[in-house]
Amino acid sequence: MIDKLPIPRWARRAIIPIIIVPLVVLYPEYYTSLGTSQLIPTLSTAVTMTVFVCMAVGLNMVVGYAGLLDLGYVAFYAIGSYVAGWFASTQFASHSIVFGAVGVQSHAIGIHISIWLLLPVAAAMAAAAGVVIGLPTLRLRGDYLALVTLGFGEIIPQVVRNGDNMFGTGFNLTNGVAGITPIDPMGFRYLHGILPFLPDNFLLTPNLDVWFYRVGLLLVAITVFCSIRLRDSRLGRAWVALREDEIAAAAMGVPLMQVKTWAYASGAFFGGAAGCFYGVYQGGAIPDNFKLYISTLLLAMVILGGMGNVWGVCLGAAVLSYLNQQGLGAIGNTINSNFGTNIEITKYEAGLFGLLIVLMMLFRPQGLIPSSRRKAEFDVVKEEHEAAGVVVG
Amino acid sequence: MATDTHTARRPVLAVLPRVTGLLNRAVTIALLALLVFWLAVNFVQGPGQFGSVLLIGFTNGALYALIALGYTLVYGIIELINFAHGDVFMWGTMITVSIAGTRLGLDGSQSGIVTFFGVLAAMVGAMVFCGILNPTIERVALRRLRNAPRLAPLITTLGISYILSNAAQFFYGPNYTGVGAILPSNILFLDWPAKSLIVILATIPLLLALTYVVRRTRQGKAMRAVAQDMDAARMMGVDVDRTISFTFALAGILAGAGGTLYVLEITTTRYDLGQIGLLAFTAAVLGGIGNLTGATLGALIIGLIQAFNEGLSWHAPGEQWTTSIVFSILILILVFRPQGLLGQPEADRA
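These protein sequence lines are chains A and B, in that order.
Okay, so the first sequence: first residue is 389 according to our numbering, each after it adds one.
Okay, so the second sequence: first residue is 4 according to our numbering, each after it adds one.
By construction, these hints were calculated from the structure, which means they are not laboratory data.
Bear in mind that the values here come from a model prediction, so they are computed numbers and not experimental data.
Misleading hints may appear alongside valid ones.
[Stated by the list, open to error] Residues from chain B that keep clear of chain A, each with C-beta distances beyond 10 Å, as calculated: (1) 27; (2) 53; (3) 83; (4) 120; (5) 203; (6) 230.
[As the list claims (entries may be wrong)] Partner residues aside, some chain B positions facing chain A, computed with beta carbon under 7 Å: (7) 41; (8) 44; (9) 154; (10) 155; (11) 159; (12) 327; (13) 328.
No residue lacks a Cβ here, since even glycine has one placed at the ideal position from N, Cα and C.
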């Protein structure tokens with residue numbers, strides 16, 4: 389219908405963003421007027437959603453663009469959180485370094501560096517870890533690669549959990565099971581003097597989630613922008629070529645090792661930044677948060693949305709992180725109060741996600757919003773299948 | 004690419020493989036020497052403790068072998084890492100607890116004959132259950148994806164693994180469930196843990212039976228044919244779908260038997276036991292995936308490493324590091340010897 393109307397192409401493309409962007413950005417202003425139903429996402433849920441959208445878009449670069457299955461993405465989340473923990477808390481009490489931090493005395497013990505500086509540092513450290521994971525695995529085929537990432541995703545949380553006494557030396561790197569807490573808050577320390585409407589310290593504002601939500605959205609915007617620009621770059625086209633046919637790509641002069649390493653590094657970069665932000669928001673880096681389950685959940689987000697399509701992945705991540713954080717419990721409670729049942733739906737969360745993954749793979753492997761290239765690929769597979777069926781039949 | 008830089012770098016590149024090869028060998032030998040030294044010191048310090056740790060290692064290894072063979076059988080035939088296999092094994096332990104513990108009430112107080120037949124019934128029950136569950140998974144979820152992109156079935160098995168473990172949580176609850184000590188802890192007056200010996204002894208006929216099926220029967224021949232070339236096998240009249248189902252059933256049967264033996268040895272189980280599958284898979288890769296002898300050998304090595312790490316007292320990293328150690332081994336093996344200890348270097352199958 390809309391195709392027939394005399395609207396220019398750019399305007400048609402702009403319609404959906406023009407509706408959605410203000411709805412998302414202004415969410416803190418109007419969400420209280422949506423009613424008191426527990427199904428309405430709270431601001432705290434919304435912050436978590438922004439974090440998971442960032443991570444899923446990062447993972448999408450590895451899985452969706454380059455076609456390398458990564459089952460250990462939680463490692464980058466952990467690294468990001470622990471960078472925040474190391475450089476913005478009292479963890480290293482023998483030092484006293486304060487640089488632009490919010491809400492700490494100028495001679496406080498421990499290292500306190502401005503979170504704004506730590507975000508790129510965390511991202512860079514995660515990217516470096518991505519290279520370390522990527523480098524030895526370049527020669528391996530897809531499923532072996534998945535196993536190595538799975539291995540790293542199990543090793544890093546275990547190192548973190550046991551890191552309060554590294555190799556029996558008594559050196560406390562990660563504070564063990566208790567984790568590093570509290571982490572310094574965020575705030576516009578210097579900008580506050582120039583532009584007074586920017587708060588000095590988020591924790592001292594009347595509704596602290598509002599500012600965390602805005603920063604989270606900023607991170608999402610940066611991640612999505614970078615993701616799209618990377619996809620259309622020379623590197624991004626090399627990733628897609630690699631995903632479609634490794635041998636053909638190599639024959640066309642795509643340097644496989646370099647391109648794969650960059651895929652891991654860029655994916656990890658955004659995971660690290662999001663992990664750092666989430667650590668600050670939660671006020672601590674806790675080992676129990678870094679489970680294989682998170683890696684699978686992120687993978688489910690990418691699959692649900694549509695591998696390779698940034699907007700689809702954003703949608704998938706928003707939906708699943710909402711369900712994970714608040715939605716499932718709220719839906720369960722709503723069902724129970726309306727029908728008088730007593731189902732603890734959150735207990736079946738893992739099984740429901742498993743079911744979702746299986747059903748998506750069986751009936752809509754291209755995802756909710758498939759990328760046009762992926763869609764074409766699945767159609768070709770189907771045609772080949774049918775053609776083969778005709779020959780055999 | 005400019006040709007002059009290419010020729011300039013050539014001599015360096017030509018030497019590189021030899022240097023890295025020598026380095027690899029030197030590092031490997033040094034690491035092995037260190038390992039032997041560490042074991043020797045531990046042996047001298049406590050021979051008795053070393054002996055019991057060795058037995059635990061062999062028992063773990065026997066259990067891992069039964070799971071690892073399932074991974075290796077399935078990978079051998081359709082080149083798929085079946086992430087749900089560990090959870091099929093977990094269901095084997097659950098069924099054993101249901102039959103031996105809840106239904107028959109075995110707790111070690113019954114006479115030898117009753118215990119023997121009770122355990123046998125539980126084992127057959129677990130084997131039948133897992134032997135049906137595993138091909139059902141293949142039939143329902145994996146068969147449709149046989150021509151899909153390579154990662155699709157892999158991700159599907161991951162989803163199934165979550166479904167299976169969540170279902171176990173639903174039926175058996177979130178806490179540990181188990182049976183009493185069904186088997187005696189020592190034989191007559193000898194101070195050997197009898198249950199460990201029984202586990203090891205029970206594994207041997209299972210492995211022999213598997214070898215017989217794969218090497219000597221018609222169905223085993225079909226399996227090997229499909230593993231080698233699916234299309235050629237189909238043209239020769241092999242029913243490929245049936246053969247793949249049969250392979251999944253064999254893998255499930257071994258996992259079920261492993262589940263019973265695990266319950267006899269450890270006595271407790273829980274819905275998230277499926278994670279053990281990752282250790283077993285590492286064993287399969289270590290031995291050379293697709294290779295039955297390799298899987299058994301790899302399982303014994305992983306079992307011993309785990310037991311040494313957790314049981315020895317002189318400079319052992321301890322239980323909290325087991326996962327890291329096993330996965331480090333997995334990564335090193337994949338990087339330096341992807342074909343495993345006994346596997347043949349494979350041609351690049353895209």
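Quick rundown of the hints versus the structure:
| no. | hint | verdict |
| --- | --- | --- |
| 1 | 27 | 13 Å, holds |
| 2 | 53 | 22 Å, holds |
| 3 | 83 | 8 Å, violated |
| 4 | 120 | 35 Å, holds |
| 5 | 203 | 28 Å, holds |
| 6 | 230 | 16 Å, holds |
| 7 | 41 | 15 Å, violated |
| 8 | 44 | 17 Å, violated |
| 9 | 154 | 5 Å, holds |
| 10 | 155 | 5 Å, holds |
| 11 | 159 | 4 Å, holds |
| 12 | 327 | 5 Å, holds |
| 13 | 328 | 9 Å, violated |
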